[in-house]
Amino acid sequence: MRGHRDLRIVATLTLACALLAPLLPVEWLSLLFALPLAFFLPGYALVAATFARRPIERPQLLLLSLGLSLCVLALGALLLNYVPGGIGPVPWAVLLALVVLNGCRVAALRRPSARARSSAAAKPRPRLSKTAAGLLAGALLCTTAALVLSFTTTSAQHAEGFTALWLLPPTPRDAPKGGARIGVNSEEQKPVSYRLQVRVGDRPGEIVRRFSLDPGETRVLKLRAPASASGKAVAVRALLFRGEKTGNAYRRVSGWLAEPSS
Amino acid sequence: MSHSRFGPGHLPAIALASGAGLLLCAVANTLARSTEGYPMGLYWLGVLLIAAPIFYRLTATAATPTERLALVCLLGLALFGVKVLRDAPLFTFSDELVHAFNANQLGSHHHLFEANSILKATPYYPGLEGATSSLMSITGLSSYAAGMIVVGFARLTLVGALYLLFLRVGGSARVAGLAAAIYTCNFNFLFWGAQYSYESLALPLLVVIMMALAEREAVRREALRAWAVPVVVAITAVLVTHHLTSYATAGILLALALAYWYVKRSWQPPNPWRFAIFAAVLAAAWLLIVASSTIGYLSPVLSGAVKAIFHTLSGEAPPRQLFQKGNPAVGATPLAARAVAVLAIAVLLAGLPFGLREVWRRHRKQPFALLFALAALAFFATLALRLAPAAWETGNRAGEFLFIGLAFVLAYAALAAMRRWSSRPRLTRTLLAAAISLALIGDAISGWPWDAQLARPLKVSASGKTIVSPPLAMAEWAARDVSGGHFAAPTADANLLLVPGDKWVVAGPHPDVEDILEDPQLGDWQLPLLRRHKLRYVVSDRRPASSDGLRGYYFSTSGSTEGRLPRGVTAKFEAVPGAARVYSNGSITVFDLKGRP
Chain E
11 MRGHRDLRIV
21 ATLTLACALL
31 APLLPVEWLS
41 LLFALPLAFF
51 LPGYALVAAT
61 FARRPIERPQ
71 LLLLSLGLSL
81 CVLALGALLL
91 NYVPGGIGPV
101 PWAVLLALVV
111 LNGCRVAALR
121 RPSARARSSA
131 AAKPRPRLSK
141 TAAGLLAGAL
151 LCTTAALVLS
161 FTTTSAQHAE
171 GFTALWLLPP
181 TPRDAPKGGA
191 RIGVNSEEQK
201 PVSYRLQVRV
211 GDRPGEIVRR
221 FSLDPGETRV
231 LKLRAPASAS
241 GKAVAVRALL
251 FRGEKTGNAY
261 RRVSGWLAEP
271 SS
Chain F
124 MSHSRFGPGH
134 LPAIALASGA
144 GLLLCAVANT
154 LARSTEGYPM
164 GLYWLGVLLI
174 AAPIFYRLTA
184 TAATPTERLA
194 LVCLLGLALF
204 GVKVLRDAPL
214 FTFSDELVHA
224 FNANQLGSHH
234 HLFEANSILK
244 ATPYYPGLEG
254 ATSSLMSITG
264 LSSYAAGMIV
274 VGFARLTLVG
284 ALYLLFLRVG
294 GSARVAGLAA
304 AIYTCNFNFL
314 FWGAQYSYES
324 LALPLLVVIM
334 MALAEREAVR
344 REALRAWAVP
354 VVVAITAVLV
364 THHLTSYATA
374 GILLALALAY
384 WYVKRSWQPP
394 NPWRFAIFAA
404 VLAAAWLLIV
414 ASSTIGYLSP
424 VLSGAVKAIF
434 HTLSGEAPPR
444 QLFQKGNPAV
454 GATPLAARAV
464 AVLAIAVLLA
474 GLPFGLREVW
484 RRHRKQPFAL
494 LFALAALAFF
504 ATLALRLAPA
514 AWETGNRAGE
524 FLFIGLAFVL
534 AYAALAAMRR
544 WSSRPRLTRT
554 LLAAAISLAL
564 IGDAISGWPW
574 DAQLARPLKV
584 SASGKTIVSP
594 PLAMAEWAAR
604 DVSGGHFAAP
614 TADANLLLVP
624 GDKWVVAGPH
634 PDVEDILEDP
644 QLGDWQLPLL
654 RRHKLRYVVS
664 DRRPASSDGL
674 RGYYFSTSGS
684 TEGRLPRGVT
694 AKFEAVPGAA
704 RVYSNGSITV
714 FDLKGRP
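Protein chains in written order, with this note's numbering: chain E, 11 to 272; chain F, 124 to 720.
Next comes chain E alone, as it looks inside the complex (with noise of 0.2 Å):
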């Protein structure tokens, strides 16, 4: 690629970000480098290859980078899909890298070295003054705000919140033991008091747990199998009030006691 400055530096680009990306622990600074390497690069390579003997326009060029590229990415799943290992990290690192790589080799092989020096001393530099800078940065400013004004949970008065009551079999852990998982799961604006009634087949007397759950928090209490279940089903039903109310319950859920497995 000597005498390719364009081209050089594409591949230079593209090596550095199918490496570092996929490598990255940290997302954004990730996405920094995957960004270039999903959205122009490949286009560019293409373009560079395909119109290497009859340049085009810098808009053209640019528009078709980008469209090519999200082209490159809409078939190359369908390419990957097929590759042994499938749809994953490196596979995509090593195909965006490969179609670049041979993107600008070809381009490389097929233009006039001469046409690329001269073209290259033609770009017109982008000049921004003091004050134009100024407004860029503000409107930067602005947008960011936006998207962190959007991206942050707000309160919400209104927000009707509530409590969800829930009765399952026990975790695959905990599955060889039997039994069941009751969950109350506090969705409520404020922290909310409760008293938990639990009834276990034709057992004497309930199960009663009183406790206070702040919003967002969720407590489980795991029911165990009766020692002489032989074969037949408990039953098992589940009450949960509200601070110390009597009546209706506030939420109500039934089911069944997993057996032991032998």
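Note that these hints are calculated values from the structure, not bench results.
Here are the simulated DSS-like pairs of lysine-lysine, each with C-alpha atoms no more than 30 Å apart in a straight line:
| hint | chain 1 | residue 1 | chain 2 | residue 2 |
| --- | --- | --- | --- | --- |
| 1 | F | 582 | E | 232 |
| 2 | F | 657 | E | 187 |
| 3 | F | 582 | E | 200 |
| 4 | E | 255 | F | 695 |
| 5 | F | 657 | E | 242 |
| 6 | E | 232 | E | 200 |
For clarity, every value in this text was computed on a predicted model and none was experimentally measured.
Using the hints provided, position chain F relative to the given structure of chain E.
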């Protein structure tokens, strides 16, 4: 056409206005999300602040082609920002959750074509999810973040390609800038077209194809082959991305080939008939070999549209009511907003004859221009489809494609106006910018429900912690605590059970879980249907909004008059032998039909 002059012109000042506009939109959305009102005035002011200065500057003769391109790109991205600000940080449009599920499946299985229980055709058009997977897998981003970035780049490509297309066809940077800006006034630009859905990627690629063909038309014979490369690559990418756009691509290329023949009486290149055949053959082959389920998905929509048109015309069915009521907490579209929406259509219609006259006068020997003129006329014909209940969606979709032609024609109407009143250029430009702004806002009101323009509470901060809405809480519970299992759920709950629930879930009329979940009686066909489809968990939701894929995700607000479905829709499942009532959060109850061990 020279692009040698480079300077920012008024771009920095206008970018600042756009940034301020976005900030206003963010404040309006935050207030709405906080249930502190529904500040539509503030929101529309933000949109105006983004768009009006750009419209005004694009009418100027002084702006350079580079500045115009930059302004058009700024407009496209800033209006996309309006959508992002509404939803962050979760997808909340029905189709978005379907595609996000596909992208997540791709991330976890590393292969394409994993089934989607809600929209069965979508996995067979994996272009969007494939593109998203590149960012997800390389960076570890969520499907939301990666998806929004992909759509953002697609929006940038769309407006940039439109500008270059119009520049090549019209030969004027002023017309190109105005036409690309006017395109943002189409009904779907602000929200529907900006969602994370396959058409949001396919449409920009279609415009890239059109742009490349327009460029190809202008080059010498020996350069024709080079321009065929981007056309073929983009046709193939559209094919794997979206069914309707791939058919539209074939149709547009065919129409263009006929227009070439009409104008030049020649089938020789640059007549694009070979590309039309290539696109049609590929689309048919993909449909028949890979994505045959698309036939079952599209045919009811299209046949329903045709039937609805006949029924409405014959008077057998009443016409569809425009500006339908949505969320009672927000209320119906106000009269002033309806007036703006109607006025916007009137503005578009008023410009049509003048634009057509100019296009005919200047470009009647240009196939692209003829196609644009026909599309502009067809756009107004599709408006009638909005009055037929089952046909409005077809008309709405077609409008997005046809508006490309209308934008080109209307840009010439604007040019004619500026020439006609050249003695008072500032006033004329101000009035034109105002008219385009009116069209943008009016069509945004027509294209998206009034009560869904702003954000609503989905995740809320309470005592320093985060709480989530009832359907989202249920979906998160299913994701965290329920392993496997197939669900039957109303549309909104089902979408959330896809993402973040990661469940196999069925909704809607095929199979008919919709009627099962809304019927207060347990009909004798209902349990056999659920069992036949192995639907173990049934989500019974008494919120009327639960069947609404746009409004059913949020918190109820105090004082809301939305009501409840009859108690029987939930109570009937208590009587099912062996069924367990496994989850209850007030409005939503989940039953496990195989609860008994």
